[in-house]
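K.L.:
Using the hints, position chain P against chain U.
So you can see what is in the structure, the chains are spelled out below.
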Amino acid sequence: MPDLGLEVLWKGKNFARLLGGLWVALRISLISAGISVLAGILLGIAASRKRSVSSVVLRIWLSVIHVMPQMVLLFLMYFGTTRAFGWNLSGEAAAVIVFSLWGTAEMADLVRGAVTSIPVIQRESVEALGLKPGQIYRWIILPQAVRRLIPLSINLITRMIKTTSLVTLLGVVEILKVAQQIIEANRKASPNAAFGVYLTVFVMYYLACRPLSLAAKKLEKQWR
Amino acid sequence: MEWDYIEKVLPLYGKAAWLTLRTGTAGILLAALTGLLCAAALHWRVPVLRWITSAYVEISRNTPLLVQLFFIYYGLPKIGIRTDPETCGIAGLAFLGGSYMTEAFRSGVEAVDRIQEESALSLGLTRLQAFLHVIFPQAAAISAPAFMANVIFLMKETSVFSAVSLMDLMFTAKDQIGLYYRTTESLFLLVSAYLLILLPLSLLGSLLERRLRHAGFGT
Numbered sequence: 001m002p003d004l005g006l007e008v009l010w011k012g013k014n015f016a017r018l019l020g021g022l023w024v025a026l027r028i029s030l031i032s033a034g035i036s037v038l039a040g041i042l043l044g045i046a047a048s049r050k051r052s053v054s055s056v057v058l059r060i061w062l063s064v065i066h067v068m069p070q071m072v073l074l075f076l077m078y079f080g081t082t083r084a085f086g087w088n089l090s091g092e093a094a095a096v097i098v099f100s101l102w103g104t105a106e107m108a109d110l111v112r113g114a115v116t117s118i119p120v121i122q123r124e125s126v127e128a129l130g131l132k133p134g135q136i137y138r139w140i141i142l143p144q145a146v147r148r149l150i151p152l153s154i155n156l157i158t159r160m161i162k163t164t165s166l167v168t169l170l171g172v173v174e175i176l177k178v179a180q181q182i183i184e185a186n187r188k189a190s191p192n193a194a195f196g197v198y199l200t201v202f203v204m205y206y207l208a209c210r211p212l213s214l215a216a217k218k219l220e221k222q223w224r
Numbered sequence: 225m226e227w228d229y230i231e232k233v234l235p236l237y238g239k240a241a242w243l244t245l246r247t248g249t250a251g252i253l254l255a256a257l258t259g260l261l262c263a264a265a266l267h268w269r270v271p272v273l274r275w276i277t278s279a280y281v282e283i284s285r286n287t288p289l290l291v292q293l294f295f296i297y298y299g300l301p302k303i304g305i306r307t308d309p310e311t312c313g314i315a316g317l318a319f320l321g322g323s324y325m326t327e328a329f330r331s332g333v334e335a336v337d338r339i340q341e342e343s344a345l346s347l348g349l350t351r352l353q354a355f356l357h358v359i360f361p362q363a364a365a366i367s368a369p370a371f372m373a374n375v376i377f378l379m380k381e382t383s384v385f386s387a388v389s390l391m392d393l394m395f396t397a398k399d400q401i402g403l404y405y406r407t408t409e410s411l412f413l414l415v416s417a418y419l420l421i422l423l424p425l426s427l428l429g430s431l432l433e434r435r436l437r438h439a440g441f442g443t
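Line order of the protein sequences matches chains U and P.
Numbered by the numbering used here, the letters in the first sequence go through residues 1 to 224 in order.
Numbered by the numbering used here, the letters in the second sequence go through residues 225 to 443 in order.
In case anyone wonders, no lab produced these hints; they're calculated from the structure.
Each hint should be verified, as a subset may be incorrect.
[Stated by the list, open to error] Estimated spans, in silico, between C-beta atoms of each pair:
| # | chain 1 | residue 1 | chain 2 | residue 2 | range |
| --- | --- | --- | --- | --- | --- |
| 1 | U | 220 | P | 226 | 48 to 54 Å |
| 2 | U | 49 | P | 283 | 38 to 44 Å |
| 3 | P | 334 | U | 56 | 48 to 54 Å |
| 4 | P | 227 | U | 203 | 46 to 52 Å |
| 5 | P | 373 | U | 219 | 45 to 51 Å |
Just so it is clear, CB atoms sit at the ideal spot from N, CA and C, and this is done for glycine as well.
Next up, chain U with everything else stripped away, as it sits in the complex (with noise of 0.2 Å):
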């Protein structure tokens, strides 16, 4: 049996770190993902409406987003907006404010989908009934709507909570620095420590996501 490292974990409260180091991620991606579902849920009803400007907005805004790499976006909040305003914005508050910026835009176009996905018929019965716009949205969209929702916006903090790793290259000590640190820190005890600590690093992540992506799963089959 080689020695694959995995005793580093036991010592002192390296493991109690390297969770530490998993709630920092987490933390980021849980705000960015909060004011994203809020904020997409109104960007998204705004263009719902055809040929509205909202809508113009948010297309102009997602083809950005589809085109750039998360983290282009996040060196041009990091470096560029630092540089060019003349203030100070630490590696978490840029992460925040670019995943926020994507998740909104995603999430509005979610919710632009499912509202739109509607048969306008439905819109126009009840509108013939007697319903004021709140209303229709009240009992009529929103049900329907947010089924549709549920189980593409839980994907959608998936993939915040994987794509807020790349965080560490902002210099914010999140779980893929509390490793580095662990493994340099016993360097000479144990050799092997970046494998069993890395392997540690990647089961986290997984034991993080995947009952988010087996939720939305479920969820999609069911309520399909």
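P.N.:
Frame of chain U; chain P shown alone:
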């Protein structure tokens, strides 16, 4: 913005863009191959292989590429599997992309009605003929948009390769910012280079999607 400086470092970015393009293409091709094999294993319900495939898809889809790369580049050498940065990048991209490609191909094959294969078989075609002449053309048309979306997604994912010390576009830009504080010029070059690579792909994707929309045979 100083154009003299831009002119001076342009070859550097050209080299980096070429590296991104080269490793990206190699990784995507390997991912497509992996996807085809996995989709075949799932479609024909090959015993054992299909369990391995499902497990692989789950693991690959639920972990970030950066973590996969760190494990391949820094972790695996400890048990004797050593890779140079470029091989590591390509392998990582193939590992991540394989599962996305599997899903794209599998959904295409599944969208073709079972009765088509049965009809083809009853007309006397062999299983292979039925697949090649009846199932595959339709499945390919259905899979194409998802396939293109994956290609673009994977090309964008190459932007984390700098983490395993590949001198790609991100690496070059960060290096230049750190060395000479040329933030504006570096970011301008970075965005331009990625636009040059990704915009044609993205346009090709939407073109393909529009043309293949007519190819849904009774679906």
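K.L.:
Each hint should be assessed against the structure and marked as holding or not.
P.N.:
Hints, verified against the model:
{"no.": "1", "hint": "U:220 / P:226: 48 to 54 Å", "result": "holds, 52 Å"}
{"no.": "2", "hint": "U:49 / P:283: 38 to 44 Å", "result": "holds, 42 Å"}
{"no.": "3", "hint": "P:334 / U:56: 48 to 54 Å", "result": "violated, 36 Å"}
{"no.": "4", "hint": "P:227 / U:203: 46 to 52 Å", "result": "holds, 50 Å"}
{"no.": "5", "hint": "P:373 / U:219: 45 to 51 Å", "result": "violated, 22 Å"}
The structure fails to meet hints 3 and 5 from the earlier list, while all remaining hints are met.
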